[in-house]
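With full-length UniProt numbering, letter number 180 in the sequence shown gets 180, and the count goes up by one each step, no holes.
Quick caveat, the hints were computed from the structure, so don't treat them as lab data. Possibly wrong hints are sitting among the right ones.
Label pairs and their in silico Cβ distance ranges [what the hints assert, rightly or not]:
1) N174 with T96: 16 to 26 Å
2) G76 with G51: 32 to 42 Å
3) G76 with N174: 23 to 33 Å
It should be emphasised that the depicted structure is a prediction, and the values quoted were computed from it without experimental measurement. The C-beta atom is built at its ideal place from N, Cα and C for all residues, glycine as well.
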Amino acid sequence: MTNPSVDANFGTNNTIANNLPEKTAAGTFVSTTTEQTIALGQILGKLLQAGDVLVLTGDLGAGKTQLTKGIAAGMGVTDDVTSPTFTIEMVYEGTTIPLYHFDLYRLSDPDQLEDTGLYDALESDGPTIIEWGEQFAEQIGERTLDVYVSRLSEEELASDDAEPRREIRFISQNARGEEIIQSL
1 MTNPSVDANF GTNNTIANNL PEKTAAGTFV STTTEQTIAL GQILGKLLQA GDVLVLTGDL
61 GAGKTQLTKG IAAGMGVTDD VTSPTFTIEM VYEGTTIPLY HFDLYRLSDP DQLEDTGLYD
121 ALESDGPTII EWGEQFAEQI GERTLDVYVS RLSEEELASD DAEPRREIRF ISQNARGEEI
181 IQSL
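Modelling step: build the complete structure from the supplied sequences, incorporating the hints.
Now the structure itself:
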C-alpha cells in the first residue's frame, strides 16, 4: 500500500527529488552528500507509521543521525534533531505522530534497556529509530527494517567528492518493511 501523501509531496518538492541519492538496487542507495542522506530520510519519514521499528547500524560518523534528521523532517518535526548519545532517548513531535529516537551506543548490557523507555516506545503511537541497536536485536524483537549506513572505501571514491560516499541499505524484516522498501 503506497502512502498517497508521499507521492503528492514527492512530486511537488523538487528540492527533495533533485537531492535524492542514486538507487543502485532495491533498498540500496549511494549518497554523495549529507543533503542526499537527509533527503532520503525525508522520503522515509513520510512512509513511517506508528509501530515501525528501524535499527540503524554503521560506524561513528557514517550518517545514521543525518538519516534520522531527514526522517524527522519528513514527519514534520521542526525541532533540531541530534543523536541522543548521553540522554539515550529523544521524543520529537511530528505533524501527526511522534518520533522516538534512541542511541544505545553507551549501553553494553541488555539489563540497561529497562530504564531507557525503549520497551514503551516499541509499542507506542509513533515509529522508533534505534541507533546502535544491533547488539540488542533479541531484546528489541520484531523490527520493520534494519538500515546499514556505511562509508564506501577510499578506492571507490571519485577524486572530486567533497565527503565520502555512503551506502544506505535497507533490509526488510517483515511485510511492512518490504512495503516501505518498494515505496522508496
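Here is how each hint holds up against the structure:
1. N174 with T96: 16 to 26 Å: 22 Å, holds
2. G76 with G51: 32 to 42 Å: 18 Å, violated
3. G76 with N174: 23 to 33 Å: At roughly 25 Å between Cβ atoms, N174 and G76 fall inside 23 to 33 Å, so the hint holds.
Of the hints listed earlier, the one the structure fails to meet is number 2.
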